[in-house]
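4 protein chains.
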Amino acid sequence: MDVRVAVAYHSGYGKTESLARAVARGAASVDGAAVELLDVTQLDADGWAALDAADAIIFGSPTYFGSLSADMKRFLESTVDRWVDGPRWKDKLAAGFTNSKTMSGDKLNTLFDLAAFAAQHAMIWVGLDLYPGWHTADPTQSNVRTLPAGAPMMTDGDSDGSTDLNRLGSWFGAMSQANSDESADATPPSSDLATGEHLGRRVAEMAVVFSRGREALAAVA
Amino acid sequence: MDVRVAVAYHSGYGKTESLARAVARGAASVDGAAVELLDVTQLDADGWAALDAADAIIFGSPTYFGSLSADMKRFLESTVDRWVDGPRWKDKLAAGFTNSKTMSGDKLNTLFDLAAFAAQHAMIWVGLDLYPGWHTADPTQSNVRTLPAGAPMMTDGDSDGSTDLNRLGSWFGAMSQANSDESADATPPSSDLATGEHLGRRVAEMAVVFSRGREALAAVA
Amino acid sequence: MDVRVAVAYHSGYGKTESLARAVARGAASVDGAAVELLDVTQLDADGWAALDAADAIIFGSPTYFGSLSADMKRFLESTVDRWVDGPRWKDKLAAGFTNSKTMSGDKLNTLFDLAAFAAQHAMIWVGLDLYPGWHTADPTQSNVRTLPAGAPMMTDGDSDGSTDLNRLGSWFGAMSQANSDESADATPPSSDLATGEHLGRRVAEMAVVFSRGREALAAVA
Amino acid sequence: MDVRVAVAYHSGYGKTESLARAVARGAASVDGAAVELLDVTQLDADGWAALDAADAIIFGSPTYFGSLSADMKRFLESTVDRWVDGPRWKDKLAAGFTNSKTMSGDKLNTLFDLAAFAAQHAMIWVGLDLYPGWHTADPTQSNVRTLPAGAPMMTDGDSDGSTDLNRLGSWFGAMSQANSDESADATPPSSDLATGEHLGRRVAEMAVVFSRGREALAAVA
Chain X
1 MDVRVAVAYH SGYGKTESLA RAVARGAASV DGAAVELLDV TQLDADGWAA
51 LDAADAIIFG SPTYFGSLSA DMKRFLESTV DRWVDGPRWK DKLAAGFTNS
101 KTMSGDKLNT LFDLAAFAAQ HAMIWVGLDL YPGWHTADPT QSNVRTLPAG
151 APMMTDGDSD GSTDLNRLGS WFGAMSQANS DESADATPPS SDLATGEHLG
201 RRVAEMAVVF SRGREALAAV A
Chain H
1 MDVRVAVAYH SGYGKTESLA RAVARGAASV DGAAVELLDV TQLDADGWAA
51 LDAADAIIFG SPTYFGSLSA DMKRFLESTV DRWVDGPRWK DKLAAGFTNS
101 KTMSGDKLNT LFDLAAFAAQ HAMIWVGLDL YPGWHTADPT QSNVRTLPAG
151 APMMTDGDSD GSTDLNRLGS WFGAMSQANS DESADATPPS SDLATGEHLG
201 RRVAEMAVVF SRGREALAAV A
Chain G
1 MDVRVAVAYH SGYGKTESLA RAVARGAASV DGAAVELLDV TQLDADGWAA
51 LDAADAIIFG SPTYFGSLSA DMKRFLESTV DRWVDGPRWK DKLAAGFTNS
101 KTMSGDKLNT LFDLAAFAAQ HAMIWVGLDL YPGWHTADPT QSNVRTLPAG
151 APMMTDGDSD GSTDLNRLGS WFGAMSQANS DESADATPPS SDLATGEHLG
201 RRVAEMAVVF SRGREALAAV A
Chain L
1 MDVRVAVAYH SGYGKTESLA RAVARGAASV DGAAVELLDV TQLDADGWAA
51 LDAADAIIFG SPTYFGSLSA DMKRFLESTV DRWVDGPRWK DKLAAGFTNS
101 KTMSGDKLNT LFDLAAFAAQ HAMIWVGLDL YPGWHTADPT QSNVRTLPAG
151 APMMTDGDSD GSTDLNRLGS WFGAMSQANS DESADATPPS SDLATGEHLG
201 RRVAEMAVVF SRGREALAAV A
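Residue numbers (my numbering), protein chains in the order written: chain X, 1 to 221; chain H, 1 to 221; chain G, 1 to 221; chain L, 1 to 221.
No lab work stands behind these hints, which were simulated from the structure alone.
Predicted model only: the values in this text are computed from it and were never measured.
All clues stand as given, with none of them false.
Beta-carbon label-pair distances, calculated as ranges:
| id | chain 1 | residue 1 | chain 2 | residue 2 | range |
| --- | --- | --- | --- | --- | --- |
| 1 | L | 29 | H | 48 | 52 to 60 Å |
| 2 | G | 78 | X | 14 | 46 to 54 Å |
| 3 | H | 44 | L | 41 | 56 to 64 Å |
Away from chain H, derived, C-beta distances all over 12 Å, residues of chain L:
| id | residue |
| --- | --- |
| 4 | 12 |
| 5 | 14 |
| 6 | 29 |
| 7 | 193 |
| 8 | 214 |
We put the CB at the ideal spot given by N, CA and C, even for glycine.
Can you build the whole structure from these sequences, using the hints too?
Put into structure tokens, the structure is as follows:
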């Protein structure tokens with residue numbers, strides 16, 4: 001009955017890994033979701049098996065010089081035998097996250113790189129369902145909206161964005177910003193990690209929906 | 001029990017409209033799918049209601065000067081009240097298609113424009129599950145692969161690509177190429193229209209899966 | 001002897017216009033540069049003449065729903081007669097800027113939209129020569145580097161980025177972030193306007209280099 | 001008096017290398033241009049010196065799974081010491097090319113990857129000044145236009161595009177399409193190689209303009 005979510009990431013200095021751990025925590029918070037956290041530079045046969053078995057794969061990479069990292073791309077290229085005779089990853093859900101030291105930092109292009117890859121595997125792309133945070137001078141006014149009851153898109157703002165979800169304004173995937181003079185213990189900030197957690201949770205929830213739908217269709221077939 | 005699929009397009013000279021009609025045909029070929037074909041420059045209250053009620057919206061635009069058309073973008077901007085107090089289109093499926101007169105023609109950027117929009121609405125992006133066509137000198141060798149039984153990713157090649165699905169090599173959405181000296185009666189070619197049809201069918205099928213999954217979860221809630 | 005720089009922008013609420021004015025100021029600060037600031041929704045024959053005569057055109061648009069605005073795109077489409085029989089804008093320099101309310105906000109995609117357009121006109125794209133700002137916890141450490149004498153890439157950091165050039169981390173063009181609860185008098189902040197000013201100056205300086213080069217080649221031809 | 005153009009490429013199966021050689025030929029055809037062709041997986045100290053000395057660098061990569069190759073990205077990442085203490089490559093011209101087996105094939109995204117990189121180095125991006133080819137049913141009508149005397153943007157069409165420049169419709173850089181069942185001796189076709197040659201020539205010519213402009217300004221300084 002479980003859905004399986006794999007978080008496949010590369011991290012150069014531990015900061016993307018912090019975000020990856022947050023994404024995995026979010027996915028694991030969903031009832032019935034089993035989560036694997038996989039460093040793509042250390043993949044063994046079990047890791048590949050986890051990827052092949054996953055209902056959803058969430059890909060994460062630092063943004064280096066405006067695109068995904070070479071280590072991440074090496075992994076993506078190594079999936080070719082899942083593609084060429086299949087495609088074995090068709091209809092899995094996919095999502096993405098990325099970290100860099102600056103606020104915008106061309107991170108969107110890394111998410112496009114990841115999404116273009118996922119589309120070639122015929123995966124289905126899930127982004128963030130979060131209004132943007134951190135865009136007001138008056139923190140008490142941030143993200144005050146008329147929301148339908150129970151709506152999950154909501155953020156609590158303050159003037160430095162430190163408690164805002166979706167602090168950087170991204171929807172295609174989760175972005176974090178990590179100060180260049182701090183270690184991965186201190187940065188990226190908790191707001192960005194919470195945003196990653198939200199992405200993980202959302203992807204796992206959507207995987208449950210998708211999985212239940214397949215079961216229902218199989219039952220009548 | 002039906003799922004509803006809306007095809008929301010702009011067409012300058014009728015060629016993107018031909019592709020839109022193919023996409024709609026493909027969606028309508030799925031059991032239980034109700035399809036609305038909507039010219040976004042002519043949207044009335046019924047059209048907006050169809051969009052709001054849709055389980056999936058497939059967006060189509062010509063590529064002009066490397067991005068989506070101004071008319072398409074005007075429509076996208078006019079969805080802001082579905083976003084600001086909701087977001088009312090959250091978790092709908094989304095997909096995209098585009099036409100231009102050349103083979104590549106920066107059409108990928110139009111698909112990125114559409115997908116970035118859909119992500120801001122918290123929609124879920126569905127691409128093409130088709131191997132690329134038209135990439136061999138020997139037409140009998142095109143797309144010969146070991147496919148699992150019943151696998152839908154398959155194309156039949158010939159030397160000018162005229163019967164290949166996914167003739168142009170696109171996965172993020174469906175692309176067509178329409179000759180500049182022919183009218184919309186004659187171009188884009190049937191292979192590109194069949195590719196659009198395939199996209200419509202796939203999106204409707206995925207909408208059924210998601211819809212059944214939600215019903216199953218609601219039944220136990 | 002003058003070089004001519006046109007700044008062609010659309011602004012919905014005055015914030016992109018503030019950035020446009022900053023870009024124009026920067027260009028005008030270069031010796032021998034004549035600058036025209038043009039609202040593309042109000043273009044008359046003189047405006048078009050200024051564009052046609054320009055050595056460099058800097059395009060600016062808000063980012064709405066992840067791409068350039070419909071009003072901006074309408075203008076871009078209306079340049080088609082400069083393209084179809086020419087292309088008359090070939091080899092002009094081009095650059096871009098964009099504003100939105102959030103830090104990242106998919107603004108990179110708007111710059112890609114503008115650059116894809118400029119490439120179709122065979123224009124040459126000039127970005128920002130600025131290290132990124134605002135990426136350290138310790139403001140005294142921000143952007144301390146060993147720079148060659150006179151190097152223009154340099155920023156002075158503080159903890160909220162308010163005096164940093166390239167505060168958001170963008171190189172393809174200039175980005176600004178404008179608070180949603182402030183008017184165009186108060187936002188985007190001075191750091192973002194200074195970044196726009198830097199872009200304008202850089203483009204005008206590069207236009208001088210290209211113009212002098214053409215004169216030198218014409219003199220020996 | 002020479003300008004120096006470096007062509008820095010990765011090629012997996014020799015096809016991108018064929019395009020790289022064409023680009024280099026085009027650059028070398030310009031009076032006074034010295035050209036270095038550099039495989040980025042084999043760079044030695046002389047290769048790095050050639051890159052550092054170049055007035056223009058033209059970057060080429062296959063498109064694998066929708067973005068630049070891992071080998072190419074590894075090279076781009078290894079330029080970081082040219083960036084961090086400089087940036088030493090500032091104001092060099094840059095351009096890009098890419099090959100894949102399909103017509104569109106997400107190749108535009110690889111060009112965006114390369115251009116985003118170049119922008120971070122404060123390089124200036126030069127695209128193709130070519131009308132698109134291969135977009136008519138009647139080959140005698142292809143690219144018939146009223147062109148100003150001497151205009152370099154011109155293509156000669158035929159029904160399979162085999163003699164068209166810019167056969168695939170790309171402006172951000174040069175694209176080629178190589179059949180998957182032919183070796184690098186036979187594919188990509190001559191039209192795509194001629195397009196690459198055109199790009200090389202254009203970049204070298206622009207480098208001459210830029211270089212002469214700097215000399216003229218230095219002479220009066």
